[in-house]
Amino acid sequence: MARKSVLALSAFAAALALAVTGCSSGTTPSAEGEVGPNGWSRKYAGTQLNVIAEATANSGILESLLPDFEAETGIHVSLEQAPYDSLVQKAVLDFTTKKGNYDVLSIPYEYLGSFAENKYIAPIDDYLKTPPVQLGADFSSDDILPNLWEPSSKWKDNLYGMPSNAAMMMMMYRKDLFENPAEAKGFKAKYGYDLAPATTWDQYRDIAEWFTRDAGKEAGGTALAQPLYGVTLAGKRHVSTVLEWMNYSWTFGGDIFDSSGNVAINSPENVASLEYEKGLTAYAPPGFTSATWDEITAQLQQGTAAQSITWGDTAGAMEDTTASKVVGKMGYASIPVKNEGDAPESHLGSWTYTINSSSKNAEAGYEFMAWAMSKPVQMKLAEGGGLPALTSVLTDADLTTKLPYWKQIYTSLTQAKSRPRIPQWSGISDSLALDLSRALSGQASPQEALDASQQKVTELMNGALPVTYQ
Amino acid sequence: MGTDPRTELGSASAALPRTPGQATPRKKRRDWAGLVYQAPSLIVLGCVVLFPLVYSVDLSFRSYSLVIPGRTGQYIGLENYQRMFRDADFGQALLTTLVFIVFAVSLETVLGVAAGMLLDRLRRMKRLVTSILLLPMIIAPLVVGLVFNFALNAQFGYLTWVLHALGLPGGDGALNYGPTALLALILVDVWEWAPFMTLMVAAGLSALPKEPFEAASVDGAGPWQTFRMLTLPMLRPVLAVAILFRATEAIREFDKVYVLTGGGPGSWTTVNDLYQYRVSFAEWDMSYGAALGLVTFAAVLFLAISAFRMLAPKEL
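From first to last, the protein sequence lines are chains A and B. Numbering (my numbering) for the first sequence: 1 to 470. Numbering (my numbering) for the second sequence: 1001 to 1316.
The following block holds chain A by itself, in its conformation from the complex (with noise of 0.2 Å):
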């Protein structure tokens, strides 16, 4: 108790003590209370706030820049990074708890309609229209990316949150082997066209074969000390590997639902997508069974494949020469077509900061939210080797002309499409992984796998047919 009472006294003298120096260095008080330097409100000054965020980049990045916003607002930020699937289990687990433990949690964006639906998190409409409290001068929501917002935080009517990771998916590949003459004037003798980065899926799997050596033989003039190969894909079971497929799946004309909002997972177009990625397993390293995105960035860190359909947010993790053998060997370009001439497509991987329903720090949580989109902390994002989601610095020159994938990371992001936002995402998705790892693996053929998750994603939508908002 009185422990409990020599902390209060004390957090209230400190407050004071802020309150006064911030008076005497001359900024101007608002309707709120205090602001800080940059026009941040010190209103919250002394709450703690408790954020949950996947383990990427940007993640790291922002945990770096925390200590700035508490001396602009005076809020601690206590950060928790996670892997994907137990972010989601401590996020689910907290919603229905209610006892509102995070106050901010960054949510796969494929989460949102079961969130927003069981109103586990709240609408920031009001918010951006009137922000709680008085919010730096560097933050613009008019310069957040809109194709990459409205997926990531519109559901129905509602805004529910500010991208925090504007992951998306992209072609990596080895543009050292692609430029090398011998290599070119071989592929060109064998496939009768010029080795470039492929455009179509024939061309992705012709060069994947082109690039598969054992060990000791050469490639791009050097003799190999591991083999190399063509590809590297995902196929453990786990959302990756659904995630990797959908790609396949688009851009062979296939979807999860088809255009009347019925279950298409084994429609003629889904099963030659995956017959497709079937076949690239030939030119893929061992272990593709057991392979998610994290094991995709070592190889090709580690130089062991020559392509991959991966996530743009791992495009620094190439060029960071403290991991990466391959820093300005990568190119980087849009995802293959079926067809020369077909829209190319990307796959949206985009996270959000969303307010915790029950949180009592709502407010203070806005703000968080709001600073960590302004535009010196989205800089710092970028240069750090993460993904920021704002206009101005995707398309800054300075970075463009810096990172060899920063504009490649703006393309790919105005190709981005989304994958189903529906309540029973979470379903869909672990029936797929399962049987898109049974077809990979080779233990179910294409089509059959694809049969068992048409019925078993039919059984779980079941009353919720047709699905016409996504």
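If you are wondering where the hints come from, they were derived from the structure by calculation, not from laboratory data. Just so it is clear, CB atoms sit at the ideal spot from N, CA and C, and this is done for glycine as well. Be careful, since some hints might not be right.
Unchecked claim - Only some residues are given here: those of chain B computed to face chain A with a beta carbon under 8 Å:
hint	residue
1	L1066
2	I1068
3	G1264
4	W1268
5	R1278
Said to hold, decoys possible - Facing chain A, from chain B, some residues (calculated, C-beta under 10 Å):
hint	residue
6	V1067
7	A1154
8	D1172
9	G1173
10	G1262
11	F1281
12	A1282
13	W1284
Chain B: place on chain A using the hints.
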């Protein structure tokens, strides 16, 4: 046996000798005293065992999802139990679990008996060997999984290197192919639990009377005959309990599978507990997960009761 009051579980006073109809006030007080003394542990047990169990039973008749709106816990009768019968993934998981238990426990038993006999003959190093045998068992199963995950890694695992050098299956990553992944899980389980069988067998052997063996040797029985006709039958009660104990443990196998394969490739290593975990915590269908859990509980309970019956003194 059913009439033996000692086998009536759950009654706090059952352990006390008691003749019906002759309850003196003094005896009555002693009964009450027993209950009062046991109350704290009974309350704790009630909170951590009984309440979740009753809650699960109730939940298993409802429709409750943490992510799908509208499925807030309505009663749906036996729907969750009916679903099990048409759930092909559940059937597959049961089959995988069965294969896992049968192969792992048989191997552990055979190895355990062989090693136990050797251990029993040891004279000087017995203590040291016994301590070493305890090691795999005292490592947390999750850590066992992590250790072998490292050893069996397709790119840099040392066991992968050994398998590759010997030209054995699994030389390019045992965990990446269905059959070798399942085999690897079984062998890791054997590595972890065969020592348990060994110690059980060794303990059983040291408790056996010496006279029958001396008599057999006088009668000129060979080692194999002695083993088949004497050792094995006399070890039977110990072995039965050890096997049942291992089987109830193996039904609940989760940690090693979760760490080593995540249930893959495909569904090759998706054992029952892992399947339930995915239903409850990946698909968030808490009610179906509860129903699946109760069915497993019933199976474990059946095995446990069998084990208790074997432990209980035989009726004369």
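TODO: Could you work out which earlier hints the structure fails to respect and list their numbers in ascending sequence?
DONE: none
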